[in-house]
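Letter by letter, the chains look like this.
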Amino acid sequence: MNKKNLPSFITVIDIGTHKTTALTAQVIDGRARMLGFSERRTDGVVKGTVIDVEKLHASVHEVVNDLERVSQRAVDHVYISISGPSVEGERVKGICIVPAHDGRITKLDYQQAIDSAKRLEPPAGRITLLHMRQPSILDNKPVGNPVGQQGRRLEVSFWRITMEEGNVRFRVSMANGMSINVRDFILASHAAACAVTTDTEKQGGVCVIDIGAGTTDWVLYFKGHILCSGSIAVGGEHITNDLSIALRISRETAEDLKLRFASGLHRDQDVNQTIWKDGDKSVGDQQFNRGTITQVSSLRYQEILSFVRKDILVQLEQMFSGHEVKLDQNFLPAGVILTGGSANLADAAEAAQNVFGVTARVGIPKFDNSSLQKSEYAGVVGMMIAALEDAPPVVRRQKGFMDILRDLFRF
Amino acid sequence: MDFFTRIARLFSPKRDAFMGPENRDWRQLIKQDVRTIPQDELGRKRAARSRMPIILTILFFVFVIAVISLSLEEGTPVSSSIPITYSTNGFLPSSYANKIINDGTDSWAKDVATIKTDLEKDSQVLTAKVRRLGTGGLEIKLLERLAVARIAILPPSGPYIVKLVSPEGVLFSGTGYPQQSTASLPVITDFRTSGEGEKVSVDGLEVVGPFLFTARTMYPNHYKQWATISLRGFFGLQEDALSSNLNIYLRPGSQPIDRASLSEIVFSTSNWRNELEILSKLDIDGLLRKSTGGASSYVLKLSIQNRTSARPISEPRLVPILSR
Numbered sequence: 005m006n007k008k009n010l011p012s013f014i015t016v017i018d019i020g021t022h023k024t025t026a027l028t029a030q031v032i033d034g035r036a037r038m039l040g041f042s043e044r045r046t047d048g049v050v051k052g053t054v055i056d057v058e059k060l061h062a063s064v065h066e067v068v069n070d071l072e073r074v075s076q077r078a079v080d081h082v083y084i085s086i087s088g089p090s091v092e093g094e095r096v097k098g099i100c101i102v103p104a105h106d107g108r109i110t111k112l113d114y115q116q117a118i119d120s121a122k123r124l125e126p127p128a129g130r131i132t133l134l135h136m137r138q139p140s141i142l143d144n145k146p147v148g149n150p151v152g153q154q155g156r157r158l159e160v161s162f163w164r165i166t167m168e169e170g171n172v173r174f175r176v177s178m179a180n181g182m183s184i185n186v187r188d189f190i191l192a193s194h195a196a197a198c199a200v201t202t203d204t205e206k207q208g209g210v211c212v213i214d215i216g217a218g219t220t221d222w223v224l225y226f227k228g229h230i231l232c233s234g235s236i237a238v239g240g241e242h243i244t245n246d247l248s249i250a251l252r253i254s255r256e257t258a259e260d261l262k263l264r265f266a267s268g269l270h271r272d273q274d275v276n277q278t279i280w281k282d283g284d285k286s287v288g289d290q291q292f293n294r295g296t297i298t299q300v301s302s303l304r305y306q307e308i309l310s311f312v313r314k315d316i317l318v319q320l321e322q323m324f325s326g327h328e329v330k331l332d333q334n335f336l337p338a339g340v341i342l343t344g345g346s347a348n349l350a351d352a353a354e355a356a357q358n359v360f361g362v363t364a365r366v367g368i369p370k371f372d373n374s375s376l377q378k379s380e381y382a383g384v385v386g387m388m389i390a391a392l393e394d395a396p397p398v399v400r401r402q403k404g405f406m407d408i409l410r411d412l413f414r415f
Numbered sequence: 320m321d322f323f324t325r326i327a328r329l330f331s332p333k334r335d336a337f338m339g340p341e342n343r344d345w346r347q348l349i350k351q352d353v354r355t356i357p358q359d360e361l362g363r364k365r366a367a368r369s370r371m372p373i374i375l376t377i378l379f380f381v382f383v384i385a386v387i388s389l390s391l392e393e394g395t396p397v398s399s400s401i402p403i404t405y406s407t408n409g410f411l412p413s414s415y416a417n418k419i420i421n422d423g424t425d426s427w428a429k430d431v432a433t434i435k436t437d438l439e440k441d442s443q444v445l446t447a448k449v450r451r452l453g454t455g456g457l458e459i460k461l462l463e464r465l466a467v468a469r470i471a472i473l474p475p476s477g478p479y480i481v482k483l484v485s486p487e488g489v490l491f492s493g494t495g496y497p498q499q500s501t502a503s504l505p506v507i508t509d510f511r512t513s514g515e516g517e518k519v520s521v522d523g524l525e526v527v528g529p530f531l532f533t534a535r536t537m538y539p540n541h542y543k544q545w546a547t548i549s550l551r552g553f554f555g556l557q558e559d560a561l562s563s564n565l566n567i568y569l570r571p572g573s574q575p576i577d578r579a580s581l582s583e584i585v586f587s588t589s590n591w592r593n594e595l596e597i598l599s600k601l602d603i604d605g606l607l608r609k610s611t612g613g614a615s616s617y618v619l620k621l622s623i624q625n626r627t628s629a630r631p632i633s634e635p636r637l638v639p640i641l642s643r
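Taken in sequence, the protein lines are chains A and B.
Just so it is clear: in the first sequence, position 376 is 380 by the working numbering, and no numbers are missing.
Just so it is clear: in the second sequence, position 132 is 451 by the working numbering, and no numbers are missing.
Read the hints as simulated data drawn from the structure, not as lab findings.
Keep in mind that the hints are not guaranteed to be accurate.
Calculated lysine-lysine pairs in the BS3-like style (CA-CA distance at most 25 Å, straight line) [claimed, not checked]:
hint, chain 1, residue 1, chain 2, residue 2
1, A, Lys145, A, Lys330
2, A, Lys314, A, Lys51
3, B, Lys418, B, Lys350
4, A, Lys122, B, Lys350
5, A, Lys51, A, Lys330
6, B, Lys543, B, Lys482
7, A, Lys23, A, Lys330
8, A, Lys59, B, Lys364
9, A, Lys23, B, Lys364
10, A, Lys122, A, Lys111
11, B, Lys350, A, Lys59
12, B, Lys448, B, Lys418
Start from the sequences and build out the full structure, keeping to the hints where you can.
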């Protein structure tokens, strides 16, 4: 019987502080055809930390239920996103002294170096979730594939993502409790980068910042590989909170004003503008000075970006201790790409350009479905792309009578 | 794993070959334990929804198979040449079934349902079971009515026709009954008829049928002695009907000759069950031998309903026949 690649299904769930999004797609010839999408408000998560397990479980379960109803397929495997302060990254490396007298590196040597890198235990109470490949270094020179090359000292490094054990166990048991297997975890910032960057940008150097509601995750690529990543527990909700306090309004009103009038930059002409809360000037409608809104939002927005910049520099200094590291256009030719809900703020890219001193843009995910081509969906779309890249082609047995029946009755 | 889960697995989609990267540390440390049915309400709904197509598919196929089976059973014409397995609990010959199958304008082709209906048209047949056999033949099983009495009816034209009476009081022709088996059945006489022609019906058979059937099955020794049942005293089933009786005449040669004989037993139409029970308890032979009336034959009046008397009468009453 000839085996051939048949359509399979990929489901990804991006659990954020403010909302949980999920996407299920059928994979046909390496492309994902969307079958269902669901978005629900997340309960039980504050600043990327789970504070109410049952509420979060219920939120995610609702999303899964929506997907199954829309796609008419039972969800049995999912990719789950990981983000927030509980996720940490660090560089691990394995070294292999080439034993061959001519210095030629074999597959065995290469594997030995990989194994020694992965053998390093994570800190106590944490579990290694991902090993993301970094460039191999042969005799202090970066190489793509070292097998067959000659050298004495092969260094293979990975960007290791670890997470608190309790958080991992909770995510797995949550999925299992919904009759679902966890296929893998995907770093949220890496997922967003998959959706909005090209290979060329990654090759040159690019920083992707995913500004969510409660957390801001970032990832930096260099020479086509992930260099480092991080997360800070500050996000768009802080801007809402600031506006609520500054204007003495409810959080709901502040959120509404933020979406309509907040900006990453404060301009002098904003001070002269007056805006109305509802716009109909009826009883209860309020007027505000737009300058106040943009000033508050831009300050907080730029502060968030400067936190990220600082975090990146700290990581890079740890990585290249003894070398001066500059976040400039030479290091990041592709600049900074902003994603997430808070990237929709007016002048967000300009704010990032001011803070980082490099070119910046708002990333729009590349996806067939136009309704998902928004920066806030970069995470979930990127997860689908990352899952597609990660997963080998699915080989299933040839269509038989039962397969035809299954397709006919959709079970 | 319970039976339902096994069935669900059988019909569930094959898991993708790719279950996730194997070389993940967390996969080694945290074993996944997927619940088949999630505990919360939403989970139960999802489980039910995911199983519903399987159930519907099974029901669909059961329905399709049933429809095909029934259409093959009933819709396909039966050829006269196919082998027939015939059985009956009575005396109807197999030629009767063959005649029905080959009857009609398209005599060579009748479906199963029509054959069953035609077979049941004869009142001698209580029910007919007709089904196709896997070998391509036809199986006919007849359940015939039991005969408990004979009756001679004079139709508007022609001579008397002897018919048999079933326990339900239905008249039937008694096709295939041997002469000796019908000869031993009691004869119903002095009956009234209603209706005309083919729709003629005999009054009182609805009582006589069950009465004789009870006597035959529960009191066979008495039933064997009964020669005639006269319905001259039958006036209906109402309890207040004046002396509505069944008069049973016994066979002359069925009693000893050294004592007076019992020639008639009178049952009431409404209380015959109790009277049959009383009859079974009576020592008739002893009573007749002790009788001092001097008569040669007696009537046993088990029925006393609506007969009031100035002085009490000991029951049952054995009444001598003084003049005949």
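(request) Determine which of the earlier numbered hints do not hold for this structure and return their numbers in increasing order. (result) Of the numbered hints, 3, 5, 7 do not hold.
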